[in-house]
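Student: Listed below are the residues making up each chain.
Number of protein chains: 4
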Amino acid sequence: MIRFGILGATGYTGGELIRLLLNHPYGEITYITADRYAGKQIGEVFPQFRTVLDLSCKELIVEEVIEECDLVFSALPHGLSMKFVGELIKAGKKVVDLSADYRLDDSEIYQAWYGLEHRTPELLSQAVYGLPEINREKIKSASLVANPGCYPTSIILALYPLLKAQIIEKEGIIADSKSGVSGAGRALSLNSLFCEVEGGLHPYQLGGVHRHLPEIEQELSKAAGEQVVITFTPHLIPMNRGILSTIYLQPKAGITEEKVRTVLMEFYEQEPFVHILPAGEFPQTKALVGTNYCFLSVHWDSRTKRLILCSAIDNLTKGASGQAVQNANLLLGCPEKAGLELTAVYP
Amino acid sequence: MIRFGILGATGYTGGELIRLLLNHPYGEITYITADRYAGKQIGEVFPQFRTVLDLSCKELIVEEVIEECDLVFSALPHGLSMKFVGELIKAGKKVVDLSADYRLDDSEIYQAWYGLEHRTPELLSQAVYGLPEINREKIKSASLVANPGCYPTSIILALYPLLKAQIIEKEGIIADSKSGVSGAGRALSLNSLFCEVEGGLHPYQLGGVHRHLPEIEQELSKAAGEQVVITFTPHLIPMNRGILSTIYLQPKAGITEEKVRTVLMEFYEQEPFVHILPAGEFPQTKALVGTNYCFLSVHWDSRTKRLILCSAIDNLTKGASGQAVQNANLLLGCPEKAGLELTAVYP
Amino acid sequence: MIRFGILGATGYTGGELIRLLLNHPYGEITYITADRYAGKQIGEVFPQFRTVLDLSCKELIVEEVIEECDLVFSALPHGLSMKFVGELIKAGKKVVDLSADYRLDDSEIYQAWYGLEHRTPELLSQAVYGLPEINREKIKSASLVANPGCYPTSIILALYPLLKAQIIEKEGIIADSKSGVSGAGRALSLNSLFCEVEGGLHPYQLGGVHRHLPEIEQELSKAAGEQVVITFTPHLIPMNRGILSTIYLQPKAGITEEKVRTVLMEFYEQEPFVHILPAGEFPQTKALVGTNYCFLSVHWDSRTKRLILCSAIDNLTKGASGQAVQNANLLLGCPEKAGLELTAVYP
Amino acid sequence: MIRFGILGATGYTGGELIRLLLNHPYGEITYITADRYAGKQIGEVFPQFRTVLDLSCKELIVEEVIEECDLVFSALPHGLSMKFVGELIKAGKKVVDLSADYRLDDSEIYQAWYGLEHRTPELLSQAVYGLPEINREKIKSASLVANPGCYPTSIILALYPLLKAQIIEKEGIIADSKSGVSGAGRALSLNSLFCEVEGGLHPYQLGGVHRHLPEIEQELSKAAGEQVVITFTPHLIPMNRGILSTIYLQPKAGITEEKVRTVLMEFYEQEPFVHILPAGEFPQTKALVGTNYCFLSVHWDSRTKRLILCSAIDNLTKGASGQAVQNANLLLGCPEKAGLELTAVYP
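Residue numbers (the working numbering), protein chains in the order written: chain F, 776 to 1122; chain Z, 776 to 1122; chain U, 776 to 1122; chain L, 776 to 1122.
Don't read these hints as lab results, they were simulated from the structure.
Treat the hints with caution; some may be incorrect.
Quick look at which bits of chain F chain Z covers, simulated, 3 or more residues with Cβ under 8 angstroms [said to hold, decoys possible]:
#, region
1, 949-959
2, 994-1001
3, 1016-1028
4, 1055-1064
5, 1078-1089
Computed cross-link-like contacts, DSBU-like style, restricted to lysine-lysine with a CA-CA straight-line distance of at most 35 angstroms [stated by the list, open to error]:
#, chain 1, residue 1, chain 2, residue 2
6, Z, Lys868, Z, Lys997
7, Z, Lys815, Z, Lys939
8, Z, Lys815, U, Lys1112
9, L, Lys1080, F, Lys1112
10, L, Lys1112, F, Lys1112
11, U, Lys1080, L, Lys1027
12, U, Lys865, U, Lys815
13, F, Lys858, F, Lys997
14, F, Lys997, Z, Lys1080
15, L, Lys1112, F, Lys833
16, L, Lys1112, L, Lys1080
17, Z, Lys915, Z, Lys858
18, L, Lys1112, F, Lys815
19, L, Lys1027, U, Lys997
20, F, Lys1112, F, Lys915
21, L, Lys1080, U, Lys1034
22, Z, Lys997, F, Lys1027
23, Z, Lys939, F, Lys1080
24, L, Lys939, L, Lys833
25, Z, Lys815, U, Lys997
26, F, Lys858, F, Lys1027
27, Z, Lys1027, F, Lys1080
28, Z, Lys868, Z, Lys915
29, F, Lys997, F, Lys915
30, F, Lys833, F, Lys865
31, F, Lys1080, F, Lys997
32, F, Lys1027, Z, Lys915
Glycine included, every Cβ here is placed at the ideal spot set by N, Cα and C.
Take the sequences, apply the hints, and build the full model.
Tutor: Now the structure itself:
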């Protein structure tokens, strides 16, 4: 059995990793850290694990992590994660980092957007951006995977094949994204209180300042072969899980809705987790809750000659921990769907 | 006291009319119709009125409406409303029609989008599109007000002054709108069931087919002085009330965020119900629940040279019944805020 | 105009006081305190007040409160409130204290349940427990009103008339209460996060340890003329506002459902805010959102010979700030419904 | 592979059966019926199955069911289910009936509570009430299992061992139950609309008239060895899934909280799906969403000498389809947990 470790196990992505790994046929969770809850049984922190996992939270001691784990998921916040990842990699561990610390190729861009000097810039070149649908082969031979952000996953999966195929204009792309509240994490914040959220919605981080922008543009630019800059507006929706990105763009001359759908279908033909909806249908985040799927749809507004893509995921699964498990499976040579063959709990 | 009648009083806009009119200093509700609930006390249909309104639902008999009411609100569905409005107008009544039947100037466009031949096309030219901020003087001297749709209210209020001032490009406008479930009304529908909605969101009517489009474009075209066509995508959000429209557009050369905000502030300077937020702030629908306000914000994405407007209303108040009361006040010469001086219930 | 002050204006009960007082025909808010937000406009803290109240939060300085206000609402937490109330009373101010500090007649019971020595035990005898339906005359001539807790309001209003009339057994009363999340206040707490609450419910404080018990039993004992002890279980429900108490009890021999309903109806006959539902109907908290009503229903289980009472209120209105305004009106000789003639926002 | 059929596959319990059986290691779904959706792919009805189940809904033709299935789940409404179950049993099929049609031993009681004459009363004696924790051995050798109701599951699991052990009074038991909306099914009903439910709660079916009462009392009476009659009040909570029953009762003289907890722990010691919480903890329905667990807690109110039990399940899983799969496993000799080893999706 593969021994999995989770750093920062008591946030929502940590909890989701535990849920998925409990279901993993080739591995088991052997080590979980959570400074704040050190010494507590995980079932005391998350009652859903009370009957299924007998493990207590540890303080993070790198030597112990190295001793006890084959593959480590870091669900620590950015800035903190890069304090530990270097040593783990040096010790020969495989690491999937769910923070933003290794997503950007360029440490200066990291510093500009996150306001922190990077501690291990030398690792950036060997870290692979963990979108398996795009970087599968690189991930297989890597040691360090930078697990993508939730918004980026929804947006890049929709746009990458179209930019790659050069069938859409790279100018003027707009992503209007809507996310459930778990995306804000489990930290105490006035804006995450039930009574502040329930019954309303709002945009935030308007005008091109959200930290997910540089990774979105980095990956889309690779697809396009030139610099892509997009407009991105996130919104907070009163629901636990789910992201829907509604993406507006211009197809190149002569490119039809059908052509776009076909390009997406071909690109994702072999993919277990990306599904292109038939014409006339749109995705619902509810149908994806707890699963690693991304559902994509393509719509054509003939009145304005504009293409609309809808991309839906569960932000905690394909947008975080599910994708992390998918990446871990690739790192380890396991079947890619191991631990991820789940159907949405509905309603 | 002015005698108010409500046709179709047992849907959500009907209920909201009752709530507001109960609070009206110059009038009282004298007649409410609801075929399905004829004979029932309104407090049996809506328990919130049990202690405050002793009135039973009637079958709709036009002669009685004429006899009993000075001003009639029609909250009937489109198609049905136009069966009665003509007679009421002929009898000299003032009418605020909340349906779509009198919103479009052109009966052929009505037929094209609603699939119905118009029964009283001769009334279209005398009906005024009921956005007081734009058509106040016309409304004052009218008999028939076509109360705007909820999405149109949120979108037109944001864009009208800017198109009028010729400071934005009329091409390429995108409105990505998010609405609470009450916008779908109180009719039985699988898509409106709690368990189908709670915990998820989805877009609908993609690609330029939503029936609110023609009225949006009709009014925006008047502002621009030429044909305006926009991209509009509605989304269903798991909350009772509220609409947020996030609107993407291109300012004309040299037009800054500040200029746009200033134009809006000047246009709405005297308006009791439209509020422009200061730079850096965004609206939250929750802060408007149950009120007749529209909150607008302006944002500039310097990276993509695109302007983003956010427009928030309560779909049942400013987006329907509150605006209807505002229009009624204008028709009747009452103070415009009569019945509408309410603060949001929060949380 | 009466000058109202609010100590602790930026919690949910503070916000609800502002909403109601904005609507008050005989007074205006002149002074609000909130140490954490001192210097901030109230509209920056609660965006719903942005357009309707131009007032900034002050640090609490007792001399200024005395100078600027005629009647003071204290929405401070228990323990903190009693630091200030004494001086206000000494200065001749009327005070409605929404905390628990003056609800219990006996300072030792206060200390036993709240773990604090009472700072002004001498005021306890002059403080009136602010249930106007029971203590109206005493409130009218008082200076200090101890505004009841939310659960107690729902439970006492249901039981007081029946114990008073000696028609139910005082032994074996069970109140199973369900509350919305705003009852937990606006403080940062893991248990109040949206993602911890949404989609689930749970009981808490089981086994007779909730701090609302002593005031419930104190008032019920006064009704019964002897010591009443009840079983009380609170539950947290995923909604913003509302309390429903389902109360199980034994009628005395020969007492029918109709008799019980009649006793309640007679007791509350003149009351503007308590409504007894007809046989066969039950209250819904949704119909009371934002209002000062209490709806009561009576049910008989003939199979088990047990009576069931249902009592619904809005925990922030009749359960806190609405009742506080009602008490203030009595203290000031205003019409009791001033500021409180509101209908529920529904849906 | 065992061939599973589902009659009435497009309600919420039908959908939950599909979700669980997709995960079943020893069987596959071969036949699903839904008259209203006959001919439609299940993925068109429930988008969550789009990528995982390629099966279309059939009209219910008993001969085909017999031909295509080894074990049949009937998720048809009561009254309809008994039209088909007899033939299936006659044909030698194993049947788990999720309706109420075979839960009551006595056809007259069935008629009294459900208002229908029983079509196959002769089958009642061979049908086993499907609570595996109580009737495991009988289920193993049965052909027809009457799957318990959701409220009964939560209540009987809490009380059965205590009545059996004669350590509680059989008089005066009260179950105050709270259920998510999915318990009302997927039928169109005003009371199930999002806008009618969201933001409020209410009791219903008060006074001993809910149809789950006879099966609760039938099974509790078997435990006690004499007639048990209880007070039961259901409430509708604004959440998708989950039931919490808060149960009030009197222990027999000398019986302590610890004794009660010990009796429950011993009774359920070997049970995979029933978990007794340690002293001082209470269950949260959220931690059980999508799982087959029942969490029980025991509390003592020393002030009133009353015992409080809390029992939480997911109404669609342990309260319906999960328990049905558990029963099917017993009927078929599969491991009891097959298809049911799931952890809650949280948040």
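Student: For every hint, state whether the structure bears it out.
Tutor: For each hint, the structure was consulted:
1. Counting residues of the region 949-959 of chain F whose beta-carbon sits less than 8 angstroms from any beta-carbon of chain Z gives 3, enough to reach three: the coverage restraint holds.
2. Counting residues of the region 994-1001 of chain F whose beta-carbon sits less than 8 angstroms from any beta-carbon of chain Z gives 0, not enough to reach three: the coverage restraint is violated.
3. Coverage of a stretch by a chain is defined here by at least three residues with a beta carbon nearer than 8 angstroms to that chain's beta carbons; for the region 1016-1028 of chain F and chain Z the count is 5, and the condition holds.
4. Under the rule that three or more residues need a Cβ within less than 8 angstroms of chain Z, the assignment of the region 1055-1064 of chain F holds, with 7 such residues.
5. Counting residues of the region 1078-1089 of chain F whose CB falls under 8 angstroms from any CB of chain Z gives 6; the rule of at least 3 is met.
6. For the given pair, Z/Lys868 sits about 28 angstroms from Z/Lys997 by alpha-carbon distance, which is consistent with the 35 angstroms threshold.
7. Taking the CA atoms of Z/Lys815 and Z/Lys939, the gap is near 49 angstroms; set against the 35 angstroms cutoff, the hint is violated.
8. Distance check on the hinted pair: Z/Lys815 and U/Lys1112 sit about 28 angstroms apart at the alpha-carbon level, within 35 angstroms; holds.
9. Our distance criterion of 35 angstroms between C-alpha atoms is broken by L/Lys1080 and F/Lys1112, whose separation comes to about 54 angstroms.
10. Distance check on the hinted pair: L/Lys1112 and F/Lys1112 sit about 22 angstroms apart at the alpha-carbon level, within 35 angstroms; holds.
11. For a cut-off of 35 angstroms, the pair hint linking U/Lys1080 to L/Lys1027 stands: about 21 angstroms separates their Cα positions.
12. At most 35 angstroms may separate the alpha-carbon atoms for a hinted pair to count; U/Lys865 and U/Lys815 meet this at roughly 30 angstroms.
13. Among the hinted pairs, F/Lys858 with F/Lys997 is consistent with the structure: their alpha-carbon atoms are about 28 angstroms apart, no more than 35 angstroms.
14. At roughly 22 angstroms between alpha-carbon atoms, F/Lys997 and Z/Lys1080 fall within 35 angstroms of each other, so this suggested pair holds.
15. In summary, the hint linking L/Lys1112 to F/Lys833 is supported, as the alpha carbons are separated by about 31 angstroms, within the 35 angstroms threshold.
16. Distance restraint check for L/Lys1112 and L/Lys1080: the Cα-Cα separation of roughly 39 angstroms exceeds the 35 angstroms cut-off, and the hinted pair is therefore not satisfied.
17. A distance of roughly 24 angstroms separates the Cα atoms of Z/Lys915 and Z/Lys858; the hinted pair therefore holds under the 35 angstroms criterion.
18. About 28 angstroms separates the Cα atoms of L/Lys1112 and F/Lys815, which keeps this hinted pair within 35 angstroms; it holds.
19. For the hint linking L/Lys1027 to U/Lys997, the alpha-carbon distance of about 31 angstroms falls within 35 angstroms, and the restraint holds.
20. Note on F/Lys1112 and F/Lys915: the hinted pairing holds, with a Cα-Cα distance of about 14 angstroms set against a maximum of 35 angstroms.
21. Our distance criterion of 35 angstroms between C-alpha atoms is met by L/Lys1080 and U/Lys1034, whose separation comes to about 29 angstroms.
22. A distance of roughly 31 angstroms separates the Cα atoms of Z/Lys997 and F/Lys1027; the hinted pair therefore holds under the 35 angstroms criterion.
23. Distance restraint check for Z/Lys939 and F/Lys1080: the Cα-Cα separation of roughly 24 angstroms lies within the 35 angstroms cut-off, and the hinted pair is therefore satisfied.
24. Restraint check for L/Lys939 and L/Lys833: the C-alpha separation of about 45 angstroms exceeds 35 angstroms, so the hint is violated.
25. About 41 angstroms separates the Cα atoms of Z/Lys815 and U/Lys997, which puts this hinted pair outside 35 angstroms; it is violated.
26. Restraint check for F/Lys858 and F/Lys1027: the C-alpha separation of about 45 angstroms exceeds 35 angstroms, so the hint is violated.
27. With a C-alpha separation of about 21 angstroms, the suggested pair Z/Lys1027 and F/Lys1080 falls inside the 35 angstroms cut-off, and the hint holds.
28. Restraint check: the Cα-Cα separation between Z/Lys868 and Z/Lys915 comes to about 14 angstroms, which is no more than 35 angstroms; the hinted pair holds.
29. Note on F/Lys997 and F/Lys915: the hinted pairing holds, with a Cα-Cα distance of about 20 angstroms set against a maximum of 35 angstroms.
30. Pair hint F/Lys833 plus F/Lys865 holds up; C-alpha atoms about 22 angstroms apart against a cutoff of 35 angstroms.
31. As the CA atoms of F/Lys1080 and F/Lys997 are separated by approximately 26 angstroms, the hinted pair is consistent with the 35 angstroms bound.
32. Restraint check: the Cα-Cα separation between F/Lys1027 and Z/Lys915 comes to about 49 angstroms, which exceeds 35 angstroms; the hinted pair is violated.
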